[in-house]
Each structure stands twice: as structure tokens, then as C-alpha cells.
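A.B. asks: Single-letter residue listing:
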Amino acid sequence: MEDQNNQFAHIKGWGIDADPENDPTYPMKRYNGDDHKRLSYQAPPPQPLSVEVLHSNERPSVSAVFGTSVPPSGLSGKIRRYAFNYSEGSFGHWIPLLLADRVNVVEGIVDDLKQGHVPNIFAEWGWKAEWKHSPTRLIGKVVLCTVATAALIALCSGKKKGKKAVKAMLPRR
Amino acid sequence: MLAMNYRGPYRVRPDFNKPYPELLHPGDAIVRVTRSCICGSDLHLYHGLVPDTRVGMTFGHEFTGVVEAVGSEVQRLKPGDHVLVPFNIACGVCPFCTQGLFGNCHESNPEATAVGGIFGYSHTAGGYDGGQAEYVRVPYADIGPEIIPAGMDPDDAVLLTDVFPTGYQAAEMGGIRKGDTVVVFGAGPVGIMAAKSAWLFGAGRVIVIDHLEYRLDFVRTYAQCEAYNFRSLGDPVLFIKKTTDYFGADVCIDAVGCEAAGSAMQTITGRKMLLQAGSATALHWAINSVKKGGIVSIVGVYGPTGNLIPIGNVVNKGITIRANQASVKRLLPKLIDHVMSGRVKPSDIITHRIPLEEVADAYQIFSSKLDGCIKPVLIPPSANA
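Residue numbers (numbering that gives the first Met the number 0), protein chains in the order written: chain A, 0 to 172; chain B, 0 to 384.
Just so you know, the hints here were simulated from the structure itself, not pulled from any lab data. Fair warning: this is a prediction, and the values are worked out from it, not measured in the lab. Just so you know, not all the hints are guaranteed correct.
If you want the footprint, here are the derived chain A segments under chain B, 3+ residues with CB under 8 Å [what the hints assert, rightly or not]:
1. 2 to 14
2. 40 to 52
3. 129 to 140
4. 145 to 158
Distance condition first, Cα-Cα at most 30 Å in a straight line; then the derived BS3-like pairs of lysine-lysine [as the list claims (entries may be wrong)]:
5. A:Lys140 / B:Lys368
6. B:Lys291 / A:Lys77
7. A:Lys127 / B:Lys177
8. A:Lys11 / B:Lys328
9. B:Lys17 / A:Lys11
10. A:Lys113 / B:Lys17
11. B:Lys291 / A:Lys28
12. B:Lys344 / B:Lys177
13. A:Lys11 / A:Lys36
14. A:Lys131 / B:Lys17
15. A:Lys11 / B:Lys344
16. A:Lys28 / B:Lys368
17. A:Lys28 / B:Lys316
18. B:Lys240 / A:Lys11
19. A:Lys28 / B:Lys344
20. A:Lys127 / A:Lys113
21. A:Lys11 / B:Lys333
22. B:Lys177 / A:Lys140
23. A:Lys131 / B:Lys271
24. B:Lys328 / B:Lys177
25. B:Lys77 / B:Lys368
26. A:Lys131 / B:Lys368
27. A:Lys28 / B:Lys328
28. A:Lys36 / B:Lys328
29. A:Lys77 / B:Lys328
30. A:Lys28 / B:Lys271
31. B:Lys271 / A:Lys127
32. A:Lys158 / B:Lys271
33. B:Lys17 / A:Lys127
Computed spacing ranges between beta-carbons, pair by pair [said to hold, decoys possible]:
34. A:Gln41 / B:Gly178: 20 to 30 Å
35. B:Arg176 / A:Glu51: 48 to 58 Å
36. A:Arg136 / B:Asp141: 15 to 25 Å
Beta carbons: idealized from backbone N, C-alpha and C, even for Gly.
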């Protein structure tokens, strides 16, 4: 033991929390049996429900306190309400929630425009910081996006032209 | 007031007109924020990986602040107290809280039973607005917040809300015995603190694996440990086996979570296609690198759906897996002592102090690992009010 203390003398506090009694296989560090009295514990007073709060169907009601950050609304809200019909163990719960998040992004842009605010998406991406600290990376991204967009446009217009050409070749009835 | 506002994946902005928070429960407090970090796990929200992350929400679960107002039932705190606020929202009376599992409170999150309430961490973690704002509502104010001890550096205090406790609990859950070889996957802020904490439990050897050279350089010095780049190692599992006489490490810690690099298959299925709850590369390596009968400790954050991991190897090797959100409140007395005695100086990992008004740039810098960023702290304009 003395040898080890000398070996690690250069590390402040080495071994100070070593605890042979620490049983890492049991997570309740202050076991008192309360988990067997779970139906009789005195819950804190409930927070008044001032907005719509969805709750997991794996619990009977909302918890004593909850966040009221962004209540469900619009199409994304409908999807979220649907998702909460399924338990947390089900993909029927999580996949619709991810879908709702993406729908919510579009709703966010529409809301901004409704309020007369055109979102500065480049600023929201933090392009200024990227330009300052990694301009080549930003240029690479811009080039990649430009090439991808051009390719997409070319592909779409090519398809249209192709359809027109095929139409022209078809015999008229 | 000014607050960070989430607009969608990779898009955040400062919102100068967010309504001030209100006392909604007799146990609430309103806190004026003095420091607020961006956590590595905030990046999972920022990248759109956590379900039920709603547009308009304010992130931030690592913050300190001054109490401005308290609800009628709050007895321990009063206006003017400068507090550090654990990231867990915990009631203190449910069977989990009373047994020290403050990260698993049963009375703080209606939306999911698998996780307790967390400030600013999506509606899956309770739907609370977070501390990347000038003011924040703090529920159960008598339970979580801790008055910052006189003489403590406020930058150390803010890292006691999550980073240091999470890294420390990773080491604690590893059940480290004196002389053990401990491998930490990830040299981000939590991985760095896990490496530092492993010595406190008497580790004989601490090895950190990552792919960012500047972070490896930092952890080598700060945590006085070995640090290796997995890109130059080739196969990190094989490396760990060879360097432990082909036995494997005694303890492996996953301090990366769902955005791990290093495996194309995991990255494509986990991060790009969302077919699993993020990329489980680090966990894969941890399970395969640990010795038979060893312990894998997980503090990296994963989403709720599921991940591809070699569970057969867990069975065949007889591995114990330990994982949890850190129980900050339980650990605080010990960790405050480590900080005040000078054994650990968490604030050394802070590399960037950025005004809250520039929150979009701050997220970009941290997310893209620009400018040697390890830990950014946001400073609201009202911090010195």
C-alpha cells in the first residue's frame, strides 16, 4: 500500500475515495426500503395545470411538477398527441415524435413569417463563427450544396425534357 | 428577457423577447442566471436526435445564478443567494430521491418514466425551459440548488452542476479497485473529468481514447493519463487487449454517447438514418475492451429507442453494465470538498466564454470542435446586474 501511495504521489488525491464497500452492482446508495412503500409516499403538492401537458401512458397522471415550455399545437401537436397513445417501449411512440419535431421546424418558419420576421437561417447556423474559425470548411459546404442543388435542378429539368420528347414522339390520336 | 431559442436541427438564435419565467408551484424559485454552459449532450438536441424537442424551447441544464424570487413553501433559499443548480429536477420525497437516486425522480417528468426531469432537455425530459437565458424557473428549489460556498470560483461552481459529478459518477459506477486499469472512451468534458476522477478511486492506470488531437493533448496534461487517437490505433479494442496482456481493461467508461465517430455502419444507421438511437460505437468498444467479469460504466447519453450493441459478448464475458444520469445532489458534498481543497480544478477545462447574444456561434464552435473548443460558457448580459 505504501508503495502505491509513493508511486502515485504526483497525483493529487490519489485513492482518497477508494472504498472497498462500494458495491457498483447496486445503485441505491442510501437504501432504506422506500421502494417497497411506493404507494404510501407523500407526493409534493401538484402544480396547477395551466397548459396542455401530455403524459406518458406508463404513469396514471402528470407528475407533481412539469415544464410548460412549448405546449403541443398545430399539426405537430396532433402528431404528438397520437404518439402519446403508445408506451415508451414502442416505436409507435418515438417515431411519430421525431416526425412531429420535423413538422414543427416548418411550423416555426411559418410562424416567423406570420409575425413579419424572416428568419436569418445563416446566422442561426452560426456561419459567422464557422467563417472565422474554419473558412475552408464553410466554403466546402457551400460548394457541395451548390453542386447538389445544380445536379438536382439538372436532373429535374432533364426528366421534364425527356417527358416532352417522349410525348412528341407519341402518335396523335 | 434574452434566451436561447431552438428553431430546428443546427439552428438556434437569441430571442430578445422571451417572457420572464413565473412561479408556477409553491416550491419554485426564479433564478437570474450568472453562468450557463453548453453541454455535450445539448448537442444531441441541437442535432435533432432527441425526440420531442420542440421549436421555441430554451436549452441549458448547467447553470448558476442568483435567487430572485421564491414560492410560498421554499424555506432553505432566499432572494440574493448565489446558487449552483444541479441538472436533475428532483422532488426529494419520492422513493427514488429518498434513496439517493436524484437523477431518477418520479415527480418531475410527466412525459417519460425512463428519465427524471432535466432543465432545458426536450419534452422527453419534462418540457422545462433551461438556463441558457437571463432568468429560469427552478422547481423544487429546496431540494436541488446548493448555495455556492464562499471563496469558490464561480466557474468551478457551474461545472459542479453536471460535468464533474457525471465524470465522477462514471468512475464510481465502475467500482474501481486500487491498481485497476481504467479506459475512458471520449475526451470531451465528461470524459476528461472521468479520467481525473478515476485516480481519486485509486486507479493504477488511466487510458483515454478519442480522435481529436487537441483534446487528447489536453487530457494527457490535465488528468495525467495516457491518451490515444483511435484513428492512428486502427482497432482500439485490439490495442486495449494488447496493452493489458491480452486480458482487457478492468473498467471501461463510455463518456461519448450517441454521436460517436469511428464506425461507418454505426454512424450511417444511428446518426444519419436514425434507425437506432444514435451511434453506439463507444459502447461497442467498451464492451469488447473490458476484461471478463469487468464493469462497463455508461454516462454517455443515448436516445430512447434502441441501439445495436454486442449483448452476446456481455453475456459470454459476464460483464456488469452500470449506467445512470448523475445523481448530482448526492455527490455534491464530496465534490465541493475536492474543489475547495484544490484536488480538482474543473474550471481548467473552460476554453470559451461567449456572450449569450452570440449563442448561435457558440453552438457552431462547440458542435464543430472549432478553435480548440473543449467547454464553452455562455454569459448572459444580466449576470452582473
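A.B. asks: Hint by hint, note whether the structure agrees.
C.D. replies: Each hint, compared with the structure:
no.: 1; hint: 2 to 14; verdict: holds (count 8)
no.: 2; hint: 40 to 52; verdict: holds (count 9)
no.: 3; hint: 129 to 140; verdict: holds (count 4)
no.: 4; hint: 145 to 158; verdict: violated (count 0)
no.: 5; hint: A:Lys140 / B:Lys368; verdict: 16 Å, holds
no.: 6; hint: B:Lys291 / A:Lys77; verdict: 49 Å, violated
no.: 7; hint: A:Lys127 / B:Lys177; verdict: 49 Å, violated
no.: 8; hint: A:Lys11 / B:Lys328; verdict: 24 Å, holds
no.: 9; hint: B:Lys17 / A:Lys11; verdict: 45 Å, violated
no.: 10; hint: A:Lys113 / B:Lys17; verdict: 17 Å, holds
no.: 11; hint: B:Lys291 / A:Lys28; verdict: 25 Å, holds
no.: 12; hint: B:Lys344 / B:Lys177; verdict: 23 Å, holds
no.: 13; hint: A:Lys11 / A:Lys36; verdict: 43 Å, violated
no.: 14; hint: A:Lys131 / B:Lys17; verdict: 29 Å, holds
no.: 15; hint: A:Lys11 / B:Lys344; verdict: 11 Å, holds
no.: 16; hint: A:Lys28 / B:Lys368; verdict: 37 Å, violated
no.: 17; hint: A:Lys28 / B:Lys316; verdict: 26 Å, holds
no.: 18; hint: B:Lys240 / A:Lys11; verdict: 29 Å, holds
no.: 19; hint: A:Lys28 / B:Lys344; verdict: 26 Å, holds
no.: 20; hint: A:Lys127 / A:Lys113; verdict: 27 Å, holds
no.: 21; hint: A:Lys11 / B:Lys333; verdict: 15 Å, holds
no.: 22; hint: B:Lys177 / A:Lys140; verdict: 49 Å, violated
no.: 23; hint: A:Lys131 / B:Lys271; verdict: 27 Å, holds
no.: 24; hint: B:Lys328 / B:Lys177; verdict: 26 Å, holds
no.: 25; hint: B:Lys77 / B:Lys368; verdict: 39 Å, violated
no.: 26; hint: A:Lys131 / B:Lys368; verdict: 13 Å, holds
no.: 27; hint: A:Lys28 / B:Lys328; verdict: 12 Å, holds
no.: 28; hint: A:Lys36 / B:Lys328; verdict: 23 Å, holds
no.: 29; hint: A:Lys77 / B:Lys328; verdict: 37 Å, violated
no.: 30; hint: A:Lys28 / B:Lys271; verdict: 39 Å, violated
no.: 31; hint: B:Lys271 / A:Lys127; verdict: 25 Å, holds
no.: 32; hint: A:Lys158 / B:Lys271; verdict: 28 Å, holds
no.: 33; hint: B:Lys17 / A:Lys127; verdict: 24 Å, holds
no.: 34; hint: A:Gln41 / B:Gly178: 20 to 30 Å; verdict: 46 Å, violated
no.: 35; hint: B:Arg176 / A:Glu51: 48 to 58 Å; verdict: 51 Å, holds
no.: 36; hint: A:Arg136 / B:Asp141: 15 to 25 Å; verdict: 47 Å, violated
When held up to the earlier numbered hints, the structure conflicts with 4, 6, 7, 9, 13, 16, 22, 25, 29, 30, 34 and 36 and fits the remainder.
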